[in-house]
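Novice: Based on the provided sequences and hints, a complete structural model is requested.
Protein sequences, first through last, are from chains S and D. Residue 1 is where the first sequence starts when you use the numbering used here, and the numbers rise one by one after that. Residue 1 is where the second sequence starts when you use the numbering used here, and the numbers rise one by one after that.
Everything labelled a hint here was simulated from the structure, so no lab data went into it. Be careful, since some hints might not be right.
Claimed, not checked - Covered stretches of chain D (chain S as the covering partner; in silico rule of three or more C-beta atoms under 8 Å from a C-beta of chain S):
1) 208-218
2) 309-319
3) 416-430
What the hints assert, rightly or not - Only pairs whose alpha carbons sit at most 25 Å apart, straight line, appear in this in silico BS3-like list of lysine-lysine:
4) D:K463 with D:K278
5) S:K256 with D:K343
6) S:K403 with S:K343
7) D:K343 with D:K278
8) S:K67 with S:K95
9) D:K256 with S:K343
Said to hold, decoys possible - Here are a few chain S residues that sit away from chain D, every Cβ distance over 10 Å (derived from the structure):
10) P86
11) G169
12) K305
13) I321
14) R458
None of the values given here were measured: they were computed from a predicted structure. Glycine is no exception: its CB is placed at the ideal position from the N, C-alpha and C atoms.
Each chain is listed here by its residues.
Number of protein chains: 2
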Amino acid sequence: MNRENHHFLDLFFYPESVAIIGATRNQTALHYHVVANLVKLGFPGKIYPVNPGADEIVGLKAYPDVKSIEDNIDLAVICVPASKVPGIVKDCVDKKVKGITIISGGFSEGGAEGRKVQDDMLRLLRSNGIRAIGPNALSPVNSRNNFIIGFGPAEPLPQGKLSFVFQSGLYQPRLNWLLHYYHLYLSKLIDLGNKMDINEVDALEYLAQDPETGVIAIHMESIAGDARRFMRVLQETTKRKPVIVLKTGRTAAGAKAASSHTGAIIKSSDVVYDAALKQCGAIRAQGLDEFFDLAKIFEYLPPLKGNRVALSALSGGEGVIATDSCQFQGLTLAELSLDTCEKLRPLFPPWEISVNPFDMGVSMQFYDLDFIYPILLNALMHDPNVDCLLVQLGGTQPADPAKLARLFASVVERGKPVVAWEVDPVRDRELSEQMGLNRVPVYPSAERAVRALGALYRYYCRKGA
Amino acid sequence: MNRENHHFLDLFFYPESVAIIGATRNQTALHYHVVANLVKLGFPGKIYPVNPGADEIVGLKAYPDVKSIEDNIDLAVICVPASKVPGIVKDCVDKKVKGITIISGGFSEGGAEGRKVQDDMLRLLRSNGIRAIGPNALSPVNSRNNFIIGFGPAEPLPQGKLSFVFQSGLYQPRLNWLLHYYHLYLSKLIDLGNKMDINEVDALEYLAQDPETGVIAIHMESIAGDARRFMRVLQETTKRKPVIVLKTGRTAAGAKAASSHTGAIIKSSDVVYDAALKQCGAIRAQGLDEFFDLAKIFEYLPPLKGNRVALSALSGGEGVIATDSCQFQGLTLAELSLDTCEKLRPLFPPWEISVNPFDMGVSMQFYDLDFIYPILLNALMHDPNVDCLLVQLGGTQPADPAKLARLFASVVERGKPVVAWEVDPVRDRELSEQMGLNRVPVYPSAERAVRALGALYRYYCRKGA
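Specialist: Here it is as structure tokens:
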């Protein structure tokens, strides 16, 4: 790629040559997949496995050490035991690699001794102008060039505009599920680990200017860099791109646990974080589920221009729950136009008079989903009193889930966000899957769907969409 | 069954003869399954389908009307269009049936006219001493005798001590998933619908004295009966059995939606409900997910005697999130005994010093789950400083999920509650399934697992377990 005036982190996401130091032929080792994934997914850069005990790894020539590689190295990925890392880093400095990612743990998170070793490495790298991610970090990942550094086998990466910053590898065992079942569409992912050098300020600055990133989701336990600068950058960024923040280590016990796994010290109270994040226009997720829920809705949907919701539930009872949730989130049930009411009336028996919430369960006693949905969606799509649709899936298989999902997507394409929730994750699976493939967000419950919708509304309200 | 001094609702759960009025041979109709389910699941009572247009339904002789049945009828189930219901009710009175369930909707929820018809029916029934569930209700269900009145095909009912009261059929499209994937173990279920006659006070009184019910979960939008009596019974009941309440229609908009689907009028504010429920010792669920989460933990687990948690997560980052959640819920991380620390130390590299939270991800770089879990569980099971275990599943398949689940269950059997959460619902599925079959509760996230654990702790704290 040709990037004028590029940010230094471009090197980490678009390296032209990568050395994997500690690559292994042992397929049961978690880090076996570091090389295997790059080969399998077709990363277009050059891959140089380094292992003194192997001639060939995953079909690639292996090198005894990084200095034996004839080529220049953009990025060295280090996954050897902690005790060997300082020597390897020295080798990398001698080789004049341009950047380093240290996967290995066992440094500042292990106590004073590990912190000293980490500090010494940092000094060496700084004096040679080499930037580093980690240690104790599993990244980077870039969907555009199939570049993925991580443990375990990876599947092809669904491309999107969502970029993640993680403080730790907590995403790693979830990644496959998040991408291929929960249907997140990824741009870039960076796990910062102990943040010896590269920290959340660098990551945010990079993603803020990255044209391939439209939504930023940041998991952090602490701010390692300049907190004022972080908040300044955050405030600038949220005017252009939604930034979702999951700040953990909120309690004294949580902060202590955080300190023990990345060596970070959490100085500010949760209340201070909360106020600062809010002031900067960031969207704070209250938990991990919500973090991914918000990442999904902001990646999938266009701006929400008003708070008038057309709600359809599979029973009156769920309609009540969803209505409560809407009101808690500052959303209101739309007064449907007379035209819409007339279009929907034939779906009900004479005694049923409520169209918002629309009680699909009553209608399903007479018609099937394939008949109800097109009438419902066509009516609501054209109703000027409706800003968005909130729909429960039907718990039964439609005749053609892909076609129905495209119908939902066509409403979104007309600028009206649609959010759905499941009634039965098993019976709804195929439609839910097709909705994900068509970027119509589906959630496991009304509460989660509405919470995400509320965040979408408030962000675009503030932004003045 | 022989029940001395029985409560009148016994008749609805243990009828010896049931007439299904409006039974149909049309397999695409939702109410086809009312008769089909009873036959398929082997309900031991007598089943009399009533339909003037059929001689036989699901292999049973059909009757043109209820009066043609030679036998006495304990329970008449009515599923005909609203306009025909009053005539059928009159027939049932003439036949001297002992109880009635009206599935059909189209009464008080449809406005003044429907309310009048409903009131007239009620007067007729009262003057003849006949009690009725509904109208607009899908119930009852009793796992002990495979008695299930509901739409759609049903699977065999897993027997347990959890009994539900619903205000509306919202459970209906979820039931299969709740019982067979989420693994709830059921005693009885009653859906009250419009609560023309039998209401939440009757249901609570019945379940309070029912020896087959150990946990009561009530969904309600309004109190139709005597609110003071409801609260008095509630207060008495929570001393002996946990009662979980999902009160919806919390907001003005939600209350309006509730009124339109069951005709109820919600008079009291949510704050009043909240205070009253708390004072009576009920456990209030904040949403539908939490309602089922709490039902599960109380059905599965023995009393929790203290708040000291041994936590094991798949990454440091998730450990922090779970630790925060524990602190929010009044739970604390246990100080593991020296003995336990010594048993766990070999699972980690020398530099890893944290055992609570236990970072399973670090250990899994060296050992597999089948090696780690038995050491972990055996150590924690015997630690007097540990009141309960909070464990994240491993995201990989153990060699023998059933065996591992039984190991978890053995900790619970020793009186130490175990709660688990998934990292990847797909990769964890088989272990999760086995855990459910062994009554070890698994949740989709740490937050949900800890929220349920917190409720368990607070209930038994209050009760003085």
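Novice: Each of the hints needs a verdict: does it hold here or not?
Specialist: Structure-based check of each hint:
| no. | hint | in the structure |
| --- | --- | --- |
| 1 | 208-218 | violated (count 0) |
| 2 | 309-319 | holds (count 6) |
| 3 | 416-430 | holds (count 5) |
| 4 | D:K463 with D:K278 | 13 Å, holds |
| 5 | S:K256 with D:K343 | 23 Å, holds |
| 6 | S:K403 with S:K343 | 22 Å, holds |
| 7 | D:K343 with D:K278 | 42 Å, violated |
| 8 | S:K67 with S:K95 | 6 Å, holds |
| 9 | D:K256 with S:K343 | 23 Å, holds |
| 10 | P86 | 14 Å, holds |
| 11 | G169 | 5 Å, violated |
| 12 | K305 | 20 Å, holds |
| 13 | I321 | 5 Å, violated |
| 14 | R458 | 18 Å, holds |
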